[in-house]
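Asker: Build out the structure end to end from the sequences listed, making use of the hints.
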Amino acid sequence: MSPHPPALFPLFADLRGRRVLVVGGGAVARRKAEALLQAGARVLVGAPVLEPQLAQWLAAARIEHLAGTFAPEWLDAAWLVIAATDDVATNRAVVEAADARRIFANAVDDAGLSRFHVPARVERGPLQIAISSGGGAPMLARLVRERLELQFDESFGALADLLARNRQRIRARWPGLDARRRGFAGLLSGPLQGLLRKRQHLAAERAFDDALRGDAPPARGSVALVGAGPGDPGLLTLRALRLLNEADVILHDRLVSDEVLQLARRDAERISVGKHAGDGGHSQAQINALLVALAAAGKRVVRLKGGDPFVFGRGGEELQALRAHAIDCEVVPGITAALACAAHAGIPLTHRDHAQALQLVTAHGRDDIDALDWSALARPRQTLAFYMGVAALDQVQAQLLAHGMPATTPFAIVENGSRAAQRVVAGALADLPALARAHAVRAPALLIVGEVAAHACSLHWFGREPLTTADAASPLLAAA
0 MSPHPPALFP LFADLRGRRV LVVGGGAVAR RKAEALLQAG ARVLVGAPVL EPQLAQWLAA
60 ARIEHLAGTF APEWLDAAWL VIAATDDVAT NRAVVEAADA RRIFANAVDD AGLSRFHVPA
120 RVERGPLQIA ISSGGGAPML ARLVRERLEL QFDESFGALA DLLARNRQRI RARWPGLDAR
180 RRGFAGLLSG PLQGLLRKRQ HLAAERAFDD ALRGDAPPAR GSVALVGAGP GDPGLLTLRA
240 LRLLNEADVI LHDRLVSDEV LQLARRDAER ISVGKHAGDG GHSQAQINAL LVALAAAGKR
300 VVRLKGGDPF VFGRGGEELQ ALRAHAIDCE VVPGITAALA CAAHAGIPLT HRDHAQALQL
360 VTAHGRDDID ALDWSALARP RQTLAFYMGV AALDQVQAQL LAHGMPATTP FAIVENGSRA
420 AQRVVAGALA DLPALARAHA VRAPALLIVG EVAAHACSLH WFGREPLTTA DAASPLLAAA
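According to numbering that gives the first Met the number 0, the sequence shown holds residues 0 to 479 in order.
Keep in mind the hints are simulated off the structure, nothing from the lab.
We treat Cβ as the ideally placed atom computed from N, Cα and C, and that holds for glycine.
Where hints are given, some of them may not hold.
[To be verified] So the derived label-pair ranges between C-beta atoms look like this:
1) Gln319 / Asp160: 26 to 36 Å
2) His200 / Leu65: 38 to 48 Å
3) Phe461 / Ala406: 23 to 33 Å
4) Asp108 / Asp160: 31 to 41 Å
5) Asp160 / Ser282: 14 to 24 Å
6) Glu148 / Glu316: 18 to 28 Å
7) Leu458 / Gly16: 53 to 63 Å
8) Pro347 / His200: 32 to 42 Å
9) Leu139 / Arg441: 43 to 53 Å
10) Gly134 / Arg15: 25 to 35 Å
[Stated by the list, open to error] As a list, the in silico EDC-like pairs of lysine to aspartate or glutamate whose alpha-carbon atoms are at most 16 Å apart:
11) Lys298 / Glu329
12) Lys298 / Asp247
13) Lys298 / Asp372
14) Lys197 / Asp86
15) Lys197 / Glu329
16) Lys298 / Asp266
17) Lys197 / Asp266
18) Lys298 / Asp327
Answerer: The structure is reproduced here in structure tokens:
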């Protein structure tokens, strides 16, 4: 004999227009009443006193009220009852009275007393997923629900609505059950859900009509330009994670961490197109051509970039190339280095007392540096975030000082921001290149200049303590 009690029978009840009794007038009763109202039930609340929200609903005629202590006759017109008081004896009396009338009853947070359970739910429009542990482990059911919430995005609700609205057309197109199953498989493997995720509802309707007529175009490849963030896989967006698990091919940059790549579909082809200092790597033209060729071959491609695709990631150039070849594409933003590095270094990029503006600057090469408006960059009450500037720290310092920025202006260099190996080097602008050399700063690193950078020492919360001028002068560190 199984040591487990018999499983509960899952059942979805149509309560529209049917009276449901909720016994209790507190916060728990309010939550149950709200869920029942959303299901279209006529809610009758029985309690001596109603909490404020229930009282408002009563005044608005959204619920009915039976004032006083529970009486069995309250159940006479009810289809269902929920006992939601904080008194076990009252809840038991409600359930026993319901049993006598063959009415299903639930006692909140009392699985043994309940005749039915209200499961944890994931709702996406008309699509509902119910999770139950049989009352034995409600926290586990809640955990499963949270994970399902991440897995099923809002496009599932839109898809369920589209299919429900066209149910009769689907049945007419494929009258046999086997044919309908094959037809559904074709519908769901096509472009419908991708279009709905991009909120292209008219295009999704057209794709559905094409599929129903049987003249849908052959499956096409696609490219998603996806921001991988700063390297911590916990900072990846849900959409990025979903696309990584659907990809046939992933083209990734050098700065994309192994931890992020490990989240991708196991059998997806991985192609490194990162550029390394001195070797050039793949040219942008080569990357563009590869993206187009893979998509044209019907592959689902993820172009995975460190940070955000549109912040010094050349994502705009790639999107232009893809659109020029009529490739289906989308862009998924990521947390750019300035935001991630500053947050993990305890540096507020804007601050009412110090900075009302933020400038993101690339200092990758001589041409970039010469083209900058250094007079504007040297102005006070702003924060500068220099990307790819490790090799140009001398020039950055010289230009800022030459254009009037005080030598005492704080700076912070955040190396490997958000990762386990993060280091922060903090000091004054006068010491910038020397301090970076003393601590052997290496890319990837972000330079933050401005009064807010001083907070790297006072608001530090992640990783090692910031390294300072005093640290650089330490004989122990110098020998390390």
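Asker: Now tell me, hint by hint, if it's right for this structure.
Answerer: Comparing the hints with the structure gives:
1. Gln319 / Asp160: 26 to 36 Å: Hint holds: Cβ distance 34 Å, inside 26 to 36 Å.
2. His200 / Leu65: 38 to 48 Å: At 45 Å between Cβs, range holds.
3. Phe461 / Ala406: 23 to 33 Å: holds (29 Å)
4. Asp108 / Asp160: 31 to 41 Å: 34 Å Cβ-Cβ, so the 31 to 41 Å window holds.
5. Asp160 / Ser282: 14 to 24 Å: With a Cβ separation near 45 Å, Asp160 and Ser282 fall outside 14 to 24 Å, so the hint is violated.
6. Glu148 / Glu316: 18 to 28 Å: violated (36 Å)
7. Leu458 / Gly16: 53 to 63 Å: holds (57 Å)
8. Pro347 / His200: 32 to 42 Å: Taking Cβ atoms as reference, Pro347 and His200 lie about 40 Å apart, which means the hint holds.
9. Leu139 / Arg441: 43 to 53 Å: holds (45 Å)
10. Gly134 / Arg15: 25 to 35 Å: About 27 Å separates the Cβ atoms of Gly134 and Arg15, which means 25 to 35 Å holds.
11. Lys298 / Glu329: Given pair Lys298, Glu329 holds - Cα atoms ~14 Å apart, limit 16 Å.
12. Lys298 / Asp247: Distance ~6 Å between Lys298 and Asp247 Cα, so the pair holds.
13. Lys298 / Asp372: Violated - the C-alpha atoms of Asp372 and Lys298 are around 43 Å apart, more than 16 Å.
14. Lys197 / Asp86: violated (50 Å)
15. Lys197 / Glu329: Holds, at about 8 Å.
16. Lys298 / Asp266: Cα-Cα ~13 Å, so holds.
17. Lys197 / Asp266: violated (26 Å)
18. Lys298 / Asp327: Between Lys298 and Asp327 the Cα gap is close to 11 Å, so the pair holds against 16 Å.
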